[in-house]
Amino acid sequence: MRSVAAIAIAYILTGALYVWRDFRKPIDEQPSYVKWGGIGTTLFIVLYWLPGTLSAACRGGVLRDLAVPWVIFAALTVAGLYFSSI
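Using numbering that gives the first Met the number 0, you'd call the opening residue of the sequence shown number 0 and step up by one each time.
Calculated from the structure, these hints are not laboratory results.
Being a predicted model, the structure only gives us computed values, none of them experimental.
By construction, the Cβ of each residue, glycine as well, lies at the ideal position given by its N, Cα and C atoms.
Any given hint could turn out to be false.
Cβ pair distances, simulated, as ranges [to be verified]: (1) Phe82 <-> Gly37: 33 to 43 Å; (2) Asp27 <-> Leu80: 23 to 33 Å; (3) Phe82 <-> Gly36: 30 to 40 Å; (4) Pro25 <-> Gly59: 34 to 44 Å; (5) Ala15 <-> Ala56: 14 to 24 Å; (6) Arg58 <-> Arg1: 32 to 42 Å; (7) Leu53 <-> Ala15: 13 to 23 Å; (8) Phe22 <-> Arg58: 15 to 25 Å; (9) Phe82 <-> Pro25: 32 to 42 Å.
My request is simple: use the sequences and hints to build the entire structure.
Here it is, written out as structure tokens:
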């Protein structure tokens, strides 16, 4: 059960960081969900970041930009699993 919790927390933290990164972009480079979306849209993106980045990668997105959340998620998952096993 601790493993599932560690992975879920890593997933949500990575989604929050993904959204935070989009909020910090200059106003003309922000995605449309930041400009016109409400809290519900933002929460959806927090939970949808992994399928969204995988879809963008399959459609020919910039892999370097898309890989950053994957690496963060992997690092947080490994750290969470390590600390949950102690």
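We went through each hint and held it up to the structure:
Checking the proposed 33 to 43 Å range against Phe82 and Gly37 shows it holds: the Cβ atoms sit about 35 Å from each other. Under the hint 23 to 33 Å, the C-beta atoms of Asp27 and Leu80, about 40 Å apart, miss the expected range. Restraint check, Phe82 to Gly36: a C-beta distance of roughly 34 Å satisfies the suggested window 30 to 40 Å. Taken as a hint, the range 34 to 44 Å is violated for the pair Pro25 and Gly59, whose Cβ atoms sit roughly 24 Å apart.
For the pair Ala15 and Ala56, the supplied restraint of 14 to 24 Å holds, since their beta-carbon distance comes to about 21 Å. For the pair Arg58 and Arg1, the beta carbons lie near 36 Å from each other, so the given range of 32 to 42 Å is met. Taken as a hint, the range 13 to 23 Å holds for the pair Leu53 and Ala15, whose Cβ atoms sit roughly 18 Å apart. Between Phe22 and Arg58 the beta carbons are some 24 Å apart, a value that agrees with the proposed interval 15 to 25 Å.
At about 36 Å, the CB distance of Phe82 to Pro25 agrees with the hint of 32 to 42 Å.
Of the numbered hints stated above, those contradicted by the structure are hints 2, 4, listed in ascending order.
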